[in-house]
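Enquirer: Each chain is listed here by its residues.
There are 2 protein chains.
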Amino acid sequence: MNLIEPSKVSRITSIGGGPIGGGWTAHFLARGYDVISYLHDENEEDSFRDIIDTAWISLEELGLADGASRNRLTITTDLAEAVKDTHFIQESAPEILELKQALYEQLAELVPDNVVISSSTSGLTMTEIQQRCSASERTVVGHPFNPPYLLPLVEIVGGKKSSPEAVQWADAFYEIAGKAPLVMNKEIPGFVATRLQEALWREALHMVANGEATAEQIDTALINGPAPRMAMFGQCMAFHIACGEGGMATNLDQFGPALKLPWTRLEAPELTKELRDRMVDGCNEIAGSRHFTDLAAERDRGIVAVLKGTRAARTTTA
Amino acid sequence: MNLIEPSKVSRITSIGGGPIGGGWTAHFLARGYDVISYLHDENEEDSFRDIIDTAWISLEELGLADGASRNRLTITTDLAEAVKDTHFIQESAPEILELKQALYEQLAELVPDNVVISSSTSGLTMTEIQQRCSASERTVVGHPFNPPYLLPLVEIVGGKKSSPEAVQWADAFYEIAGKAPLVMNKEIPGFVATRLQEALWREALHMVANGEATAEQIDTALINGPAPRMAMFGQCMAFHIACGEGGMATNLDQFGPALKLPWTRLEAPELTKELRDRMVDGCNEIAGSRHFTDLAAERDRGIVAVLKGTRAARTTTA
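Chains as they are written, first to last, in the working numbering: chain A, 1 to 318; chain B, 1 to 318.
Where hints are given, some of them may not hold.
Since the list gives no way to pick out one identical chain from another, each pair is judged satisfied if it fits inside one copy or across any two copies.
To be verified - List time: in silico DMTMM-like cross-link candidates among lysine to aspartate or glutamate, alpha-carbon distance up to 20 Å:
1) Lys-186 with Asp-66
2) Lys-160 with Glu-137
3) Lys-308 with Glu-61
4) Lys-186 with Glu-212
5) Lys-273 with Glu-212
6) Lys-161 with Glu-42
7) Lys-273 with Asp-253
8) Lys-161 with Asp-113
9) Lys-308 with Glu-105
10) Lys-8 with Glu-42
11) Lys-84 with Glu-98
12) Lys-308 with Glu-274
13) Lys-84 with Asp-46
14) Lys-308 with Glu-165
Hints listed in this document are in silico derivations from the structure and should not be mistaken for laboratory results.
Quick caveat: nothing in here was measured; it's all calculated off a predicted structure.
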């Protein structure tokens, strides 16, 4: 493979007229790329432009790249036209395996051979999607989080026939393109973020089913409790910082036994020495040379910002 | 019972010299109350004042109530002195059942009989704590989220002998005192927020145990994916808004079957008609008359604020 340099990408193809395809288009335009968007049906154009115009309000507020403009968008219903001079393809077609397999088979014939094709799929694997694609080594999953024009996460993973080089390329490219890429080593259902979110979500459904909480209580609890902290530092570091000098080691050594308490319906993993050390080392790496008091001060500044920001955002329409 | 009016409370006793007792003290001072803090040992005073001084930086940034001052704090190691003229007690003693039972037995003798005693306990139930207390009808759990001077959530629940009046009183009082109270009908381990957080946490530990993700990847995924959205709207409403006009009904009717997919190790609840309707009605109640496009715009403003705020908070020490 002789892929284009990630930093040389200036022209991107976005496939799909729904909220994900529209969200990606808005994001790439805001980062100063030329974007050509492929829609399956020309009647989708109005709603597609609405998605972009809505996203643009937030993207302007976050800050546009130099030269970024919605005028740099081209819309077409001709797939060959959409991909012929492209440097990168973000595919957000409907989540139907047969449809995606046919699309990737076709793309292999049309796309320049130095271009990576990345799928927004959330429910399929690239191993399944790439089965009939003759350019499978250049296909990866680049899964965004909704809304894709705002949330930075992109989970990247290859299928069985994907080249590790294409995965690395996607990692480098998304970073340059202003995203927060996360490369996974294995194809697992739900990637990382959705698995975590779904664990919480199922617990929420259990509580509602048992009459222990309402939807409103669940959201009140999250908004005023774990979420602002999690938005600032995630969950591993939230526990690491909360335990002071001892950090994650104190958390697991002291509260490890509480994992067996009936906090949730999710069966607890065995807290082996290996798991313990992996978590402790992981947190220490994130902390680096920062002392926990600095981290706690940083957490507090972040929570204040989250509280003030969400309060202001709510007040505007209250 | 003839409890003091929640709005007439001007003098609060905080019991406990650790981060939770110190955090509560700082919060109540910032809201303009006189606070008398009971420490078990006078040697705790320096570290206790450090906790308050650290908290004060954030509390000033969030905005102090009129007349709020750290000079309105009295510290004592005399329990009788600490509670004799008080209007409310927030107890944050160590999480040892025997110790709390003895403390509540003693408090019943010392505390004015129009005063509610609220425990910060996270791991014990009030039914256990109040067993030897002759004023058990006035005891409740008022469980904060760490750090208690910043995160607004207080989960309130009574024990078997607690009066519903005391629970209602605590709900009204915490609201006036600038907190986000959540009254639970049942004593369940972990209340609402910790149960949700622990479900996510166990899934995270499973992923680390299986080599599917590292601590850093988990935090990266949360910070850049679900957490900013959750900080703004919780999780029920995040799904409700993401599904457009159809809201939670579309979410459950369309993605309900996906609950059975191996997204997480948490066994999924049966998605009965009743559970489905409860979730749908709950979200519609929260939304009220707001159209989903307004909610989505509000969400986006919130996420922008969270992203800008956490970015600035990080940059300061980066």
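Enquirer: Take the hints in turn and mark each one as holding or not.
Expert: Structure-based check of each hint:
no. : hint                 : in the structure
1   : Lys-186 with Asp-66  : neither (37 Å within a copy, 56 Å between copies)
2   : Lys-160 with Glu-137 : within (9 Å within a copy, 64 Å between copies)
3   : Lys-308 with Glu-61  : both (16 Å within a copy, 9 Å between copies)
4   : Lys-186 with Glu-212 : between (36 Å within a copy, 7 Å between copies)
5   : Lys-273 with Glu-212 : between (35 Å within a copy, 17 Å between copies)
6   : Lys-161 with Glu-42  : neither (34 Å within a copy, 67 Å between copies)
7   : Lys-273 with Asp-253 : within (10 Å within a copy, 42 Å between copies)
8   : Lys-161 with Asp-113 : within (16 Å within a copy, 74 Å between copies)
9   : Lys-308 with Glu-105 : neither (49 Å within a copy, 41 Å between copies)
10  : Lys-8 with Glu-42    : neither (30 Å within a copy, 65 Å between copies)
11  : Lys-84 with Glu-98   : neither (24 Å within a copy, 75 Å between copies)
12  : Lys-308 with Glu-274 : neither (40 Å within a copy, 37 Å between copies)
13  : Lys-84 with Asp-46   : neither (24 Å within a copy, 70 Å between copies)
14  : Lys-308 with Glu-165 : neither (43 Å within a copy, 33 Å between copies)
Checked against the numbered hints listed earlier, the structure breaks hints 1, 6, 9, 10, 11, 12, 13 and 14; every other hint is satisfied.
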